Amino acid sequence: MRLRAAGALTRTPVVLALLAVALAASALAGLALGPVRIPPGQVLDIVLAGPGPGGGAGAFGAIVWDVRMPRVLLGAVVGAGLAVAGTVLQALVRNPLADPFLLGASSGASAGAVLVIVFGAGFLGFAGGAAVPLAAFAGSMGALVAVYAMARRGGAMTTGRLILAGVAVQYVLSALTSLILVLAAHPDQIRSVLFWTLGGLGGARWGELALPAGALLLGTALLVALARPLDLLLAGEEGARTLGLDTSRFRAAVFVLTSLVIGVLVAYSGAIGFVGLMVPHAARMVVGAGHRALLPVAALGGAVFLTLADLIARTAAAPEEIPVGVVTALVGGPFFLWMLRRSTRTEGIVG
Amino acid sequence: MEYCTEGKVGLDQLRTEITEVARTFGVPERGERLLADERRRIEAVSARVKDRAKPAVFVYDSGEASAFTSGGKGIGNEIVALAGGTNVFADLDDTFGDVSWEKVIERKPEVVLIYDYGGTTVEAKKQRLLNDPALAQVPAIKNRRFVVLPLSSAVLGVRIADAVESLGGQLHPDAA
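As you go down the protein sequences, you meet chains A and B in turn.
Per our numbering, the first sequence runs over residues 1 to 351.
Per our numbering, the second sequence runs over residues 1 to 176.
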C-alpha cells in the first residue's frame, strides 16, 4: 500500500507533463486541420500575428482565430469539466457507473432546449440567441434540483436514493423530450434538437468561453481543495463518519457544486456523453484513486480526449460534421475496453 | 419529390412533375399551358440578367453550429443560377447539406439568400448571421446584403417562376 502510494506520487508529475504536451499538440492540430485546408505554415503565421480585426489574414485569419480557436478552447474546457464532474460524482455515490448525466443533467438540458425550440417562439424573440442555452441551463438545474430534493427526503442523502432518483428523473425527461418531438416538432426543429442530445462544439465563439471556463476553474479549484474529504468517502459511509466527516452535508454541498458546473457546460456544448464516465476510470488506472492527484489528471485527460474527438468529428466526414458525442463513444469505447483489459489495478471505485 | 431523387433536380423535373399531375387529373392541356407560362416567365428573367455580374450567393436555410444550405443538386441551385447569381456551394453533391461555418467564410459570398419558413423568423436568422463575430468579414454580412425567398417557392413545384422572378428582382434591382 505504502509502496504504491509512493509510486503514484512520483508518477503524477510525469503523467501531468505528458498530458500537457498531448493537450498542446492536439490543440495545435485542432487549429491546423478542418474542412478548409490551410497550409500549416500559414496557420502558424496567423496564430503568431495575434488576433486582429479579421485576424489579419482575411478569410483564413477569421477561420483560425474566430472559428477554430474558440472551438478548441471550448472542447478543452468542456472535456476537463465533464471529467472532473464525473470523477467527483463517482466518489460521491460510490458507484462506477456514475457520470455527469446520471443525475438528470443532460436529459433536463435537452428537455429545456427542446421546449423552447418547439414552443418558445416568443421567448426566442425576446432573448435572442441566448434563449436556448438559457433554457438548457434551466432544464438541467431543474432536473438536478428535483433529484436532490427526492434523494434528500427523510433527512439524509444516501447514495442509493440519489442514483434511483436520478435515473427516474432522467427517464421522465427523456420521455417528455421524445413526446414533444413526435407530436409537435417540425422536421427542421428536429435537426437543432439533435445538437442538444448528442452534443456539439461547432457553435463555439469567443464571447461564449468566459462562463464555462470560469465555472471549470472555480469548480476544479474548490474540488481539489476538498480532495481529502473526497478520499474519506471512499472508505464508505461508516468509515468516513468515523473519520470525522459529516457525510450527508458534505455530499449535498459537493452535489450542488458539481451540478452548477455541469449545468453551465451542458448549456454551451449539449450533452456530450462518455467523457465524464470513462476518463475518470482511465485516470484512476494510471494514478490511483487519491483525489489530489486524480482530479488534475482527469481534467487534463478529459481536455485532451475531447479536443481529439472533436477533431475527428469535424474532419472525418468533411465538409459535413458528425456529432461529437457519437465520436466520443465510438472511438473512446474500444480504447477504454482495451485499457480495462490491460489494467491490473482494481482500487478505488472499481472493485 | 425533391428529396426522393438521386440525380440533379432542375427544370426537367418540373416539366415531368407538372405533366404527370395534369395527366393524372385528366387536364393535360392545362398542364401544358402552365408549363409554357412558367417557362416564358423564367426565360424573361434570365434574359434580363444575362449580362449582369453574377453575385456569389450563400443559401441559408437554418442552422446554429453549422449551416444548412442548398447544394448543387437542388432546385435552389437552379433558381439562383436562373435569377442571375452563383451558388457558393454548387459543388456540394446533394440537394441540401450541412456545411461548417469556416467553409462559408472561405467562399466569401456577396449575398445571403434566406429561406423563410417554419419556427425561426427571417429576422432571427439575420440576427444570427449579423451577430456572429466569425462572419463579420464575409462580404454579404459586412454589407448587409440579404435576400429572402419563401421556402414554399424554393422547392420543386409550380412556384418556381415566382421564385426566379422574385430573386432576380432582389439580386438585380436595377435590371430593366
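Since the hints were derived computationally from the structure, they do not count as laboratory data.
Keep in mind that this is a model prediction, so the values were computed, not measured.
Note that the Cβ used here is the ideal one computed from N, Cα and C, for glycine as well.
There may be inaccurate statements among the hints.
[As the list claims (entries may be wrong)] Across the chosen pairs, the derived CB separations fall in these ranges: (1) A:Gly50 <-> B:Asp51: 55 to 61 Å; (2) A:Leu211 <-> B:Arg52: 19 to 25 Å; (3) A:Leu179 <-> B:Glu29: 32 to 38 Å; (4) B:Pro133 <-> A:Leu179: 45 to 51 Å; (5) A:Arg341 <-> B:Asn143: 57 to 63 Å; (6) A:Asn95 <-> B:Asp116: 46 to 52 Å; (7) A:Ala168 <-> B:Gly169: 53 to 59 Å; (8) A:Tyr171 <-> B:Asp116: 35 to 41 Å; (9) B:Asn143 <-> A:Ile190: 38 to 44 Å; (10) B:Leu130 <-> A:Arg228: 35 to 41 Å.
[Said to hold, decoys possible] Calculated from the model, a selection of chain B residues having no Cβ within reach of chain A, i.e. all distances over 10 Å: (11) Phe25; (12) Arg33; (13) Ala44; (14) Glu64; (15) Gly72; (16) Lys103; (17) Gly118; (18) Ser166.
Checklist entry - Which earlier hints turn out false for this structure, listed by number in ascending order? => result Of the numbered hints given earlier, those the structure breaks are 1, 2, 3, 4, 9, 10, 14, 16 and 17, listed in rising order.
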